[in-house]
Amino acid sequence: MTTNNCYIPHEVEIVERVQETPDVYTFKIKFTDPEIAKSYTFKHGQFNMLYLYGVGEVPISIMSNDGELLVHTIRAVGRVTNAMMGLQVGDKMGLRGPFGRGWPLDEAKGKDIVFVTAGLGCAPVVSSIRYVIGKREEYGKLVIMQSVKHRHDVLWEPQYDEWRRVPNTQILLAASREKTQWPQWELGRVAVLFDKADYDKDNCVVMVCGPDAMMSGTARTLIDLNVDPKNIYLSMERNMQCAVGHCGHCQFGSQFVCKDGPVFSYPEVEELLRHRGF
Amino acid sequence: MPATHFLPRSSLSQLYDTLSNKGYRVVGPKVDLGAITYTELGSFDELPVGVQEKQAPGSYQLSHTGGVRNFSWANGHSAIKPYVYASTETLWQVSETDNGFVFKPGEPNAPLTAIIGVRACDIAALRIQDQHFLHNTYRDEYYAERREKLFLVGVNCSHCADTCFCESTGDGPEILDGYDLLLDELEEGFLIRAGSDEGTTIVNTLATTEASSLQLDEAERQIKSVAASQSTKLLHEDLHAKLLTQLDNPIWDEIAERCLSCGNCTAVCPTCFCHREVEKPELDGKSSSHYREWDSCFNQDHSYIVGEVVRENTKLRYRQWMTHKLATWVEQYDRIGCVGCGRCTTWCPAQIDFVREATRIVGPELLDDNQ
Ligand SMILES: Cc1cc2nc3c(=O)[nH]c(=O)nc-3n(C[C@H](O)[C@H](O)[C@H](O)COP(=O)(O)OP(=O)(O)OC[C@H]3O[C@@H](n4cnc5c(N)ncnc54)[C@H](O)[C@@H]3O)c2cc1C
Ligand code: SF4
Ligand code: SF4
Ligand code: FES
Numbered sequence: 001m002t003t004n005n006c007y008i009p010h011e012v013e014i015v016e017r018v019q020e021t022p023d024v025y026t027f028k029i030k031f032t033d034p035e036i037a038k039s040y041t042f043k044h045g046q047f048n049m050l051y052l053y054g055v056g057e058v059p060i061s062i063m064s065n066d067g068e069l070l071v072h073t074i075r076a077v078g079r080v081t082n083a084m085m086g087l088q089v090g091d092k093m094g095l096r097g098p099f100g101r102g103w104p105l106d107e108a109k110g111k112d113i114v115f116v117t118a119g120l121g122c123a124p125v126v127s128s129i130r131y132v133i134g135k136r137e138e139y140g141k142l143v144i145m146q147s148v149k150h151r152h153d154v155l156w157e158p159q160y161d162e163w164r165r166v167p168n169t170q171i172l173l174a175a176s177r178e179k180t181q182w183p184q185w186e187l188g189r190v191a192v193l194f195d196k197a198d199y200d201k202d203n204c205v206v207m208v209c210g211p212d213a214m215m216s217g218t219a220r221t222l223i224d225l226n227v228d229p230k231n232i233y234l235s236m237e238r239n240m241q242c243a244v245g246h247c248g249h250c251q252f253g254s255q256f257v258c259k260d261g262p263v264f265s266y267p268e269v270e271e272l273l274r275h276r277g278f
Numbered sequence: 279m280p281a282t283h284f285l286p287r288s289s290l291s292q293l294y295d296t297l298s299n300k301g302y303r304v305v306g307p308k309v310d311l312g313a314i315t316y317t318e319l320g321s322f323d324e325l326p327v328g329v330q331e332k333q334a335p336g337s338y339q340l341s342h343t344g345g346v347r348n349f350s351w352a353n354g355h356s357a358i359k360p361y362v363y364a365s366t367e368t369l370w371q372v373s374e375t376d377n378g379f380v381f382k383p384g385e386p387n388a389p390l391t392a393i394i395g396v397r398a399c400d401i402a403a404l405r406i407q408d409q410h411f412l413h414n415t416y417r418d419e420y421y422a423e424r425r426e427k428l429f430l431v432g433v434n435c436s437h438c439a440d441t442c443f444c445e446s447t448g449d450g451p452e453i454l455d456g457y458d459l460l461l462d463e464l465e466e467g468f469l470i471r472a473g474s475d476e477g478t479t480i481v482n483t484l485a486t487t488e489a490s491s492l493q494l495d496e497a498e499r500q501i502k503s504v505a506a507s508q509s510t511k512l513l514h515e516d517l518h519a520k521l522l523t524q525l526d527n528p529i530w531d532e533i534a535e536r537c538l539s540c541g542n543c544t545a546v547c548p549t550c551f552c553h554r555e556v557e558k559p560e561l562d563g564k565s566s567s568h569y570r571e572w573d574s575c576f577n578q579d580h581s582y583i584v585g586e587v588v589r590e591n592t593k594l595r596y597r598q599w600m601t602h603k604l605a606t607w608v609e610q611y612d613r614i615g616c617v618g619c620g621r622c623t624t625w626c627p628a629q630i631d632f633v634r635e636a637t638r639i640v641g642p643e644l645l646d647d648n649q
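Top to bottom, those sequences are chains A and B.
Anchor point for the first sequence: position 27 equals 27 in our numbering, and the numbering is continuous, going up by one each time.
Convert by adding 278 to the 1-based position in the second sequence; the result is the number in our numbering.
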């Protein structure tokens, strides 16, 4: 029953570990079985189930890959992610994946690309931003909008400074609860950034990640600005137990977020996002 | 149409013996704690005799009619589901060794299992669970293993409860396929026909005679009259999509005042598939098991994501349950997630009538009593 059993994790080993902030950490990991390492491929926006021995599994986005190493950045928020923070280089975990449908990066070729994220980190889009930057000439303008409550909430601020130097790329940052007006920062929510963003509304793909209310608000703002709803994509988050469409926890109306998502085009989820409780 | 044979009542025990000799664990209905429960049987002497039940919202009552029949009742709280989609299932065991973690898949260790007395609604629900666990993006190996070992002896209903509405969902009361053997119960015995090769092999071991045309007519009359007697009717599928246009209907709030969010409905529903995963480290610290167990969308943590419970109150949970069964299920699996067994209504301690509430929300004009 081992072969093709979608429930069984594979062993991985932590090769590098970075403590990003007191509660955010990054693991670079590799499969201990070279055969599995070789056959593993993923799409940007997909996720893995990471298993901590004796504690449990959590869905975590694939941040990037660094050669054969997979990179995951995790915020310690609860039972599994707190305990996982204690792992060190050389420690082992379990991993199943990749799961789900990623961002439409192929369909977006030749178009302007807009990323809108809110909240802390927003791991699901980072690998796509890096991908687009890596293939800069295959895409049009690149706009990255990130909003947080406080400036110090943003992970990797130096990374944004680096991205600012990439040709044809605009970085817009907003802090909603900050009192000080820092250079390069706007005060307010993500909506304040839209006036400054420079992209072709008729030829763009927008990828949004954040809490439900922020995503539907952003989508409606974009539609008012004449962006075609079909070109707006969201990454949804729901409770996940199995990641393979069996346990029912991630259902969003008729969609199973784990296998039909987590990335959806706005029209696929628009109707139910208007209501609480799905 | 496979040949229909007649098996005298006194020879039914031959079927038990054949199944048992072929290595099957034989599961069937038995009166236990005031209800009909499907359980492993030592012989067919344990089958109910002359028992009938009365079901109503929040109520299930058995009575003795004094007759000889074994299957003159409609259904109990469960039949097939726990035997194929187990209420707890070990997914894997992992041990820490000098060479790292070794993951071992859980072994359902399912014996060959013959279930006697399954009804049209149960078979329809099994087909839905097959879609979900087997014919889906990912295949569930644990379910698959148990499923392959099942042998189903269906019985056409000769009686239906007031809560039954399988006729209106198109799932019964007559069993058309999906069985290994099919019985029609008559006073003097059973009509029996095979629906699979294994079924044919087994029928051939029994002391049957050819069914007479009188008996065939009687069986047909019986199933037709059961269908005709079903007075509870679910509205047409087209109307149920309308539930999604009624998300703000005040009736949801009103139901939520009565609903206890206990999850009984999801536990007895033969199509519900939700489960949670649980980790159980062994005391010696050297290994750990990861298992799943049935869960319900009526539980608070079902929709928990850090910092928020998506369905924070009973209204949102009841609405999830009903819109899933009747509306969003259709987009998932091309049919509603309800087979008309009526169990959720019977086993609801708050006496919430599923069909009636759905009708109040999407077609109140169709209620006779206009309440
Ligand atoms: C597709 C997807 C990608 C994600 N990517 C990342 C990432 O890259 N980095 C990161 O830090 N976090 C990510 N998350 C969130 C992360 O999965 C949760 O923070 C984590 O499950 C919390 O588990 P816990 O046991 O530590 O917390 P607890 O509060 O103890 O949670 C208990 C259980 O509830 C479930 N659960 C709770 N919150 C969530 C949630 N938000 N999503 C899904 N299940 C949840 C899990 O089964 C969890 O074990 C992602 C979530 C999803 C759905
Ligand atoms: S919703 Fe109710 S009536 Fe329908 S299949 Fe489930 S338990 Fe039976
Ligand atoms: S979401 Fe609720 S109604 Fe749907 S399968 Fe799960 S428990 Fe049953
Ligand atoms: S996480 Fe189990 S169905 Fe999606």
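The hints are simulated quantities; they were obtained by calculation from the structure and are not laboratory data.
Note that the coordinates shown come from a computational prediction; the quantities given were computed from them, not determined experimentally.
Among these hints, one or two may not hold up.
What the hints assert, rightly or not - Listed below are the simulated SDA-like cross-link pairs for lysine to any residue, each with C-alpha atoms no more than 25 Å apart in a straight line:
| hint | chain 1 | residue 1 | chain 2 | residue 2 |
| --- | --- | --- | --- | --- |
| 1 | B | Lys-382 | A | Ser-39 |
| 2 | B | Lys-558 | A | Lys-230 |
| 3 | A | Lys-230 | B | Lys-564 |
| 4 | A | Lys-230 | B | Gln-610 |
| 5 | B | Lys-564 | A | Ser-39 |
| 6 | A | Lys-149 | B | Val-584 |
| 7 | B | Lys-382 | B | Ser-365 |
Cross-check of the supplied hints:
1. B:Lys-382 - A:Ser-39: Measuring from Cα to Cα gives roughly 21 Å; hence the hint holds.
2. B:Lys-558 - A:Lys-230: violated, 45 Å
3. A:Lys-230 - B:Lys-564: It is violated: about 51 Å lies between the C-alpha atoms, which goes past 25 Å.
4. A:Lys-230 - B:Gln-610: Since the Cα atoms of A:Lys-230 and B:Gln-610 sit roughly 22 Å apart, the hinted pair holds (cutoff 25 Å).
5. B:Lys-564 - A:Ser-39: Between B:Lys-564 and A:Ser-39 the Cα gap is close to 30 Å, so the pair fails against 25 Å, i.e. violated.
6. A:Lys-149 - B:Val-584: holds, 18 Å
7. B:Lys-382 - B:Ser-365: Distance of about 20 Å is within 25 Å: holds.
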